[in-house]
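Colleague: Here is how the chains run, residue by residue.
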Amino acid sequence: MKLIQSDAPHIRTKDSVRSIMLDVLLALAPAVAVATFFFGWYALFLCLFGAVVGELIEWFIVRVLRGQKDFSFDLSAAVTGLLLAMNLPPTAPWWLLLIGLLVALGVAKHAFGGIGQNIFNPALVGRVFLLISFPTLMTRWVSPVRGFTKSVWDAMTSATALGILKNSGFSAAIQRFSYTDLFFGNVGGCIGETSAFVLLLGFIYLLVRKRVNPVIPATYIGTVFAFASIMYLVNAEKFGTPLFHILSGGLFLGALFMATDMVTSPMTIKGQAVFGIGCGVVTMIIRLFAGYPEGVSLAILLMNALVPLIDRAFKPKIFGEVKV
Amino acid sequence: MKLLTFKGGTHPPEKKELAKDRAIVRMDPPQFVYVFLSNHAGAPAKPIVKEGDVVKTGQVIGEPGGFVSAYLHSPVTGVVRKIDKLYHPVQGRPMEVVVIERTDEDQWQLLEHSDWETLSREQLLEIVKKAGIVGLGGAMFPTHIKLNPPAGKTIDTFIVNGAECEPYLTVDHRLMLERAEDLVLGVKIVKKILNAKKAYIGVESNKMDAYEHLKKVCADSDVEVVLLKTKYPQGAEKQLIYAITQRKVPVGGLPMDVGVVVQNVQTVIAIKEAVVDRKPLIERALTITGEAINNPMNVVARVGTTIQQLVDFAGGMKEDAEKLIMGGPMTGIAVNRLDIPILKGTSGITVLAHEKEPIKKPCIRCTKCVVSCPMGLQPYLLYLLGNKKKYDQAVEEGLMACIECGVCAYVCPSKIDHVRVIKLTKRVYQALRGGKK
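Line order of the protein sequences matches chains A and B.
Just so we're aligned: the first sequence equals residues 1 to 324 in the working numbering.
Just so we're aligned: the second sequence equals residues 1 to 437 in the working numbering.
Any given hint could turn out to be false.
As the list claims (entries may be wrong) - The calculated lysine-lysine pairs, modelled on DSS-like cross-linking and capped at a C-alpha distance of 27 Å, are:
#1 K415(B) <-> K69(A)
#2 K390(B) <-> K270(A)
#3 K317(A) <-> K248(B)
#4 K215(B) <-> K69(A)
#5 K390(B) <-> K315(A)
#6 K130(B) <-> K153(B)
#7 K317(A) <-> K356(B)
#8 K426(B) <-> K248(B)
#9 K215(B) <-> K192(B)
#10 K50(B) <-> K153(B)
#11 K153(B) <-> K270(A)
Everything labelled a hint here was simulated from the structure, so no lab data went into it.
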C-alpha cells in the first residue's frame, strides 16, 4: 500500500465540466424534440450533426493539430455544435452547418486557446459568420409543418414574426402569429428558437441542477420587456407590444442558453446583471432601429467583448473589508 | 427554527456517520512517545530534559521558546531516550522531537494551584499557560495569548466553536455529548478570564443530539446554545462570529477587534481540566476515520502517539487505502509515513480509499469558486495572478484575506487547485516583502 501526499482539499466535488455540459445537452433536448415536430426530421438531423461533428472537429483540432495526448471529450464542443444547429433555419444545408462549425470551433474557440479561453460565444460567432457570408441561405424561413411525417421542403416560405413587424407593422404580425403560437412554437424561425415554453422548461432543469443562476436571463428578458414597453407607448403599431418582443425571435434561446455561456459571461452576480441589461438594450436597438429584424446574436457578442471590463468593474465585496 | 450562517460556502458529503455514534475510548499509552518541541504555533519550546532523565506524566519537558510559544509536558512516566529529528507534518521538514520510553504506570505531576474559584483572572491565565494549552481545533495557537487581549481591546463575547464543519471528523460532536458538563464549566472559567458578558456555544444542525443535550445542560446557566446551518466552513472563526453575532472581523484584523474570542470545544474542556483538575495538556481526543480504516472511532490518545499506533488501534487500514490525512479532508495534511506522532492540534486521522483521478480542465468561468468563497474573494483570479507571479495585484485583489478553507478547489468542476496556488502566493509575497526590510 502506497500513501500519496498531496495538497488540501483532499475531496473534490463530483461535478465536472463534462457533467455540466451533459446537463446543458439534456436541457436542450426538449427544444430539439419540439423543433423536430414543427420542422420535421431534417431539423433533428441538423441538431445531431452539429453535436457529433462538433465533437469530431474538436478531437481533430486537439489531438491532431495541437498534438495533445491527454484529450478527453468534455462535451463542450457538442454543446456548441448543437447550439449552432439550433441557430440555423430549418432549411439550412448540412454543409453550411459544417462551415459554421469549423469557424465556431476552429476560430472562435481554439484559435483563442480552447475551452475556457475564448472571449466570444463560439456558436454565435459561427452563426454571425454564416449570416454575413450566406445571407440568403441563412434567412430562408418556412412555416412550421407540424407532424413528424411531413417534410420541411414542402413547407411554405414565410417571414418571421419580427420580420413582419419590421416590414408591415404590428397588426400584420400579430394577425399572423398569436401570442400562444409564439409561446409554444407554432411559428417560423431558427430551429431552436421556435418554442419559448420548452426552452424555459430546459432552463428550469439547469436551475434545479444548480448549473446556472437566473440573473442573466431575468435581466436580459426584463430589459427587453421594459425597453419594448416604453417604445410601445411611443408608437404601438411600429414597435409592437412588450409581450410580442419577448416571445418572438431568438430571445429565449439567446437569453437562456447563449448569454448564459459560462466562459463568455461575467463572474459576479452584479456583473451578470449589467451584462444582461446590456444584452437587452442592444437587442432592442438592433430590432427597432437597425437594418436587421433580429439582434440577439449581435447583442450577446457585443456584450461578450465587454466582459473583461465588467469583471474588473463589478467585483464581489470582500468579507470584512473596511471602507476607507 | 432559523439557522445561523454566513454567505458563501459549500456542503460536501458529511461522512460523519462513520464515527459519530462511537463513544470516545481511551487508548493505553504506547511504549514510546515522540513529542515535538514544536507542538504549537510560534517558536518551538526549549527542552529542559536530556537523555536519560526520568520524567513523570505531566512533568514539564519544554519551556516556551518565545512570546508565541507554549509549555510542553511529558505524556507518560518514563525515561527520555533521546532528542532526535523527525519529519514535522505542519512545518514540512525535520524538527526536534523528544523520545520518551514509558517505563511505568502514570505517576502524575499535577499543576500546583489552589481552588480555582478563589483565583484572580491573572492567576487563571497563568494556569492555562503552565498547562501548555493551545488551540486544539488544529491551529495550535497558544491559548493564554488568545485569552489575554492587549490593553484597549475589550472582549464582551466568548464563542465556543462546536460547528465541527470538516467532513468525517466527529470528536467535537462526541465531546459535546459526553462531556457537556466539563465544557460548560470551562466556559464559565473562560468567561471569568475574559470578563466577557456573553457566551455562546455554536453547534451545526447535523448534531441535533449534541445541541439538545447542551441546551439541557446549559438550561440554568447564562451560556446560550445556538444552532448553525450545516455548511462548510461554518467553523471558520470569522464566519462563525458573523453567523452568531453579525459582526464582521475586519480584513487583516482579529476576532478581538470586534470584541470576540473563539475557542474550540476541546480547548475549553482542556482549560477546565487544567484549572479544576490541575491536569496539563498531555493527551487529546481525536477521530480516526475514513472509508479505508477498518474500525472508525473516537479515541483519547497521548500527544506523541504515532499514526501507526493509532491506525493499529483502529483495526488497521484497508487494502485500498490511498491517502492518510492528519485532520479532515478539507484542510488536513496528507502524510505518506506512519512513524509521525500526533500533535496537540491533531483533530483526526482520516484515511481515504483510492479514487479515480479526476479529469483536470482549464477554468470554464463557471463562477462556483466566486459564489462559494466565504471571504468574498475571486479564487479563479487569485489563481491566475499567482501563477503569473503578479503578487502586488493579487494582494490588491484580496489575497491576504484568504482563510485557506479549500472551498474553491472543492467546488471546481475543472479540478483546479486554487487554494494550493493561493497559499504559495501568500508565502512568496510575504517572503519577498520580508526580504526588502
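Colleague: Quickly compare the C-alpha distance for K153(B) and K270(A) to 27 Å and report which way the hint goes.
Modeller: 37 Å, violated
Colleague: Does K153(B) lie within 27 Å of K50(B) when you go C-alpha to C-alpha?
Modeller: It is violated: about 41 Å lies between the C-alpha atoms, which goes past 27 Å.
Colleague: Check whether the Cα positions of K390(B) and K270(A) lie no farther apart than 27 Å.
Modeller: 26 Å, holds
Colleague: With a cut-off of 27 Å on the C-alpha distance, tell me whether K317(A) and K356(B) pass.
Modeller: Between K317(A) and K356(B) the Cα gap is close to 37 Å, so the pair fails against 27 Å, i.e. violated.
Colleague: Does K215(B) pair with K69(A) here, judged by a C-alpha cut-off of 27 Å?
Modeller: Violated, at roughly 59 Å.
Colleague: Need the status of pair K317(A), K248(B): alpha-carbon distance at most 27 Å?
Modeller: Judged against 27 Å, a Cα distance of about 12 Å means the pair holds.
Colleague: Has the given pair, K390(B) with K315(A), been kept, meaning a C-alpha gap of at most 27 Å?
Modeller: Roughly 18 Å between the alpha carbons, so the hint for K390(B) and K315(A) holds.
Colleague: Can the restraint linking K415(B) and K69(A) be considered satisfied, given a maximum Cα separation of 27 Å?
Modeller: 19 Å, holds
Colleague: Decide if the proposed pair is consistent with the structure: K130(B) and K153(B), CA atoms, cutoff 27 Å inclusive.
Modeller: 24 Å, holds
Colleague: With the threshold set at 27 Å, check whether the alpha-carbon distance from K426(B) to K248(B) stays at or below it.
Modeller: Within the cut-off at roughly 22 Å; holds.
Colleague: Could you grab the alpha-carbon distance between K215(B) and K192(B) and see if it respects the 27 Å cut-off?
Modeller: Status holds; Cα separation ~21 Å.
Consistency note: the structure conflicts with the earlier hints numbered 4, 7, 10 and 11.
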